[in-house]
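There are 2 protein chains.
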Amino acid sequence: MLIDEGLELLDELEAWALLQTADVGRVGLTMGALPVILPVNFTVLDGAIVFRTAPGSKVEAASRQAVVAFEVDDYDTAERTGWSVLVIGRSEVVHDLSLTFALRDAGLEPLADGQRGVVVRIRPEIVTGRRIARSGEASAG
Amino acid sequence: MLIDEGLELLDELEAWALLQTADVGRVGLTMGALPVILPVNFTVLDGAIVFRTAPGSKVEAASRQAVVAFEVDDYDTAERTGWSVLVIGRSEVVHDLSLTFALRDAGLEPLADGQRGVVVRIRPEIVTGRRIARSGEASAG
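So the sequences go chain by chain: X and D.
Numbering of the first sequence is given in my numbering, commencing with residue 1 and proceeding in unit increments.
Numbering of the second sequence is given in my numbering, commencing with residue 1 and proceeding in unit increments.
These are computed hints drawn from the structure, not numbers from a lab.
Careful, some of the hints might be misleading.
To be verified - Using C-beta positions, here's what the derived DEER-type ranges look like:
#1 D:R104 x X:E79: 20 to 28 Å
#2 D:R134 x X:H95: 25 to 33 Å
#3 X:D11 x D:T77: 34 to 42 Å
#4 X:D11 x D:R90: 17 to 25 Å
Stated by the list, open to error - Covered, in the sense of this in silico footprint (three residues per stretch, anywhere, with C-beta under 8 Å from a C-beta of chain D), are these stretches of chain X:
#5 56–70
#6 84–91
#7 112–118
The C-beta atom is built at its ideal place from N, Cα and C for all residues, glycine as well.
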């Protein structure tokens with residue numbers, strides 16, 4: 001087990017498994033030359049991260065063939081436990097009705113009302129994860 | 001109340017108030033030409049977001065005078081409720097013992113073990129927030 005400054009580095013399989021326990025993730029991309037982080041509810045389909053956004057939105061424009069970050073995490077500050085997974089990959093706006101149907105079958109519905117008919121897909125190129133190592137685990141393991 | 005695609009746009013005071021309810025936020029920055037999102041536990045001091053990181057880390061290097069994004073959120077997917085706050089500002093590595101003491105007094109301790117003696121401060125320039133609007137609230141309010 002690799003420990004880096006109190007953080008256990010997860011292997012890619014563990015990171016994927018944790019990522020798939022989450023409903024909401026965060027996309028990091030550049031809009032108008034500024035960095036932004038936007039929460040999205042997402043699902044994983046065929047090894048890619050998929051979410052919906054509004055047609056004509058800034059998210060749609062920024063997602064066209066951009067390299068983006070995608071993050072999920074879960075922390076319990078009282079217990080001092082938690083983990084995070086970071087994905088880096090190219091995003092793309094998908095015009096594929098079969099994917100739209102697959103999303104509906106997977107039950108991916110945006111949390112908020114409004115039109116979110118555009119599907120964005122992020123194809124992971126780098127997947128990393130970290131988990132807070134419990135004290136003593138480094139020396140015990 | 002402004003509603004945009006099912007999301008209520010918060011004013012800056014509301015966004016700040018929500019931001020300060022959170023312990024863990026996420027920093028979006030560029031490392032080695034790639035976008036990354038990293039969770040940090042943070043506090044607010046004198047109107048700035050402050051967190052600790054490891055000396056010599058990639059985070060320290062990337063935080064030097066960079067424009068970064070900082071995000072907090074809280075969602076309940078079962079209830080379809082939640083909010084997010086996005087801050088954009090310049091980050092800087094702070095070498096100021098009085099700030100280090102103030103952080104200790106504020107009880108900001110990193111969740112993970114390890115050396116995190118470097119203090120990073122983000123001075124907010126843009127603060128925005130969104131909350132999922134409950135169905136019907138737009139027309140009722």
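Right, here's what the structure says about each hint:
1. D:R104 x X:E79: 20 to 28 Å: holds (21 Å)
2. D:R134 x X:H95: 25 to 33 Å: holds (32 Å)
3. X:D11 x D:T77: 34 to 42 Å: Once the Cβ atoms are compared, 27 Å apart, the range 34 to 42 Å for T77 of chain D and D11 of chain X is violated.
4. X:D11 x D:R90: 17 to 25 Å: violated (36 Å)
5. 56–70: The restraint on the region 56–70 of chain X holds, since 5 of its residues have a Cβ under 8 Å from chain D and three suffice.
6. 84–91: holds (count 3)
7. 112–118: holds (count 5)
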